[in-house]
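**Q** Based on these hints, arrange chain L on the given structure of chain P.
Line order of the protein sequences matches chains P and L. If you read the first sequence in this note's numbering, its first letter stands for residue 1, the second for the next number, and so on. If you read the second sequence in this note's numbering, its first letter stands for residue 115, the second for the next number, and so on.
Hint data in this document are derived by calculation from the structure and do not stem from the laboratory. Glycine included, every Cβ here is placed at the ideal spot set by N, Cα and C. Any given hint could be a false lead.
List of simulated lysine-lysine pairs, DSBU-like, C-alpha gap at most 30 angstroms [stated by the list, open to error]:
#  : chain 1 : residue 1 : chain 2 : residue 2
1  : L       : Lys132    : P       : Lys42
2  : P       : Lys67     : P       : Lys56
3  : P       : Lys42     : L       : Lys171
4  : P       : Lys67     : P       : Lys2
5  : P       : Lys42     : P       : Lys2
6  : P       : Lys56     : P       : Lys42
7  : L       : Lys171    : P       : Lys2
8  : P       : Lys2      : P       : Lys56
9  : L       : Lys171    : L       : Lys131
10 : P       : Lys42     : L       : Lys131
11 : L       : Lys132    : L       : Lys171
Okay, the calculated beta carbon distance ranges per label pair [to be verified]:
#  : chain 1 : residue 1 : chain 2 : residue 2 : range
12 : P       : Gly29     : L       : Asp173    : 17 to 25 angstroms
13 : L       : Thr223    : P       : Ile18     : 38 to 46 angstroms
14 : L       : Pro197    : P       : Ala17     : 41 to 49 angstroms
15 : L       : Glu177    : P       : Leu46     : 29 to 37 angstroms
16 : P       : Pro14     : L       : Glu193    : 47 to 55 angstroms
Now the stretches of chain P that chain L is said to cover, found in silico as 3 or more residues with beta-carbon under 8 angstroms [to be verified]:
#  : region
17 : 42-49
18 : 100-108
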Amino acid sequence: QKEVEQNSGPLSVPEGAIASLNCTYSDRGSQSFFWYRQYSGKSPELIMFIYSNGDKEDGRFTAQLNKASQYVSLLIRDSQPSDSATYLCACVEGRGSTLGRLYFGRGTQLTVWP
Amino acid sequence: EADIYQTPRYLVIGTGKKITLECSQTMGHDKMYWYQQDPGMELHLIHYSYGVNSTEKGDLSSESTVSRIRTEHFPLTLESARPSHTSQYLCASSDTGLGYTFGSGTRLTVV
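Looking at chain P on its own, in the form it has when it is part of the complex (with noise of 0.2 angstroms):
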């Protein structure tokens, strides 16, 4: 059974702040890992992507990689309170008969005071 573990939170920083958000996954089979942001009630909406290990930035998030230690992060920076949200850690399957399937994490809840 494949696992992703996330810090279901609530993770609190004011206005301003970096936010960081954790996640460790078990299958080392996996290349692709994605950071999805989910506001109460909504759907879940794809913020970041990575594939390969360091860091890739976009706007004021940052996703970093590292497969040897099967850790993935998402760094918000000037975290505003419209990111308040429950953020969700994602990676595919990596082989066999359900190649491309997301196994999602938990979840870890964000909330950016004012």
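**A** For chain L alone, kept in the frame of chain P given last:
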């Protein structure tokens, strides 16, 4: 603009009724998925399909059934709704390696 559509957005229905939740996508994706999610809780995969006439049960046991007669259409059916089926149902599709695109969801309440 969403390329994956779910209807209805909200549904309140009585116990014992048969219901079908619709999901359609215009992206030509072969892979489609149904998730169940209670408020504030994690996503649970209940069904998936990797192409026409291919359907599999997911990780969470569900009394629902699905069909995939056309690439773009992946409906979910509950033959006899019960209050325990009250939840949000999310449909998603994917192209290999590119993550999922989710629909807006159907919030089902069985009374």
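**Q** With reference to the structure, classify each hint as holding or not holding.
**A** Against the structure, the hints come out as follows:
1. Annotation: proposed proximity of Lys132 (chain L) to Lys42 (chain P) holds, straight-line Cα distance about 25 angstroms (limit 30 angstroms).
2. Of the supplied pair hints, the one linking Lys67 (chain P) and Lys56 (chain P) holds, its CA atoms being roughly 14 angstroms apart against a limit of 30 angstroms.
3. As the CA atoms of Lys42 (chain P) and Lys171 (chain L) are separated by approximately 24 angstroms, the hinted pair is consistent with the 30 angstroms bound.
4. Restraint check for Lys67 (chain P) and Lys2 (chain P): satisfied, since their Cα atoms lie roughly 15 angstroms apart, inside the 30 angstroms limit.
5. Of the pairs offered as hints, the one joining Lys42 (chain P) and Lys2 (chain P) holds, with about 26 angstroms between alpha carbons and a cut-off of 30 angstroms not exceeded.
6. Among the hinted pairs, Lys56 (chain P) with Lys42 (chain P) is consistent with the structure: their alpha-carbon atoms are about 26 angstroms apart, no more than 30 angstroms.
7. Between Lys171 (chain L) and Lys2 (chain P), the direct Cα distance comes to roughly 16 angstroms. Compliance with the 30 angstroms bound is thereby established for this hinted pair.
8. In summary, the hint linking Lys2 (chain P) to Lys56 (chain P) is supported, as the alpha carbons are separated by about 24 angstroms, within the 30 angstroms threshold.
9. Of the pairs offered as hints, the one joining Lys171 (chain L) and Lys131 (chain L) holds, with about 22 angstroms between alpha carbons and a cut-off of 30 angstroms not exceeded.
10. Only pairs whose Cα atoms come within 30 angstroms are accepted, and Lys42 (chain P) paired with Lys131 (chain L) is accepted, the gap being roughly 26 angstroms.
11. Of the supplied pair hints, the one linking Lys132 (chain L) and Lys171 (chain L) holds, its CA atoms being roughly 20 angstroms apart against a limit of 30 angstroms.
12. Between Gly29 (chain P) and Asp173 (chain L) the C-beta distance comes to about 18 angstroms, which sits within the given range of 17 to 25 angstroms.
13. Here the CB-CB span from Thr223 (chain L) to Ile18 (chain P) is close to 40 angstroms, well matched to the stated 38 to 46 angstroms.
14. Between Pro197 (chain L) and Ala17 (chain P) the CB atoms are about 42 angstroms apart, so this pair conforms to the stated range of 41 to 49 angstroms.
15. At about 30 angstroms, the CB distance of Glu177 (chain L) to Leu46 (chain P) agrees with the hint of 29 to 37 angstroms.
16. The hinted range of 47 to 55 angstroms is satisfied by Pro14 (chain P) and Glu193 (chain L), whose Cβ atoms lie roughly 51 angstroms apart.
17. For the region 42-49 of chain P, the assignment as covered by chain L holds, since 6 residues bring a beta-carbon within under 8 angstroms of that chain's beta-carbons and 3 suffice.
18. Counting residues of the region 100-108 of chain P whose beta-carbon sits less than 8 angstroms from any beta-carbon of chain L gives 7, enough to reach three: the coverage restraint holds.
Hint compliance for this structure: no hint is broken.
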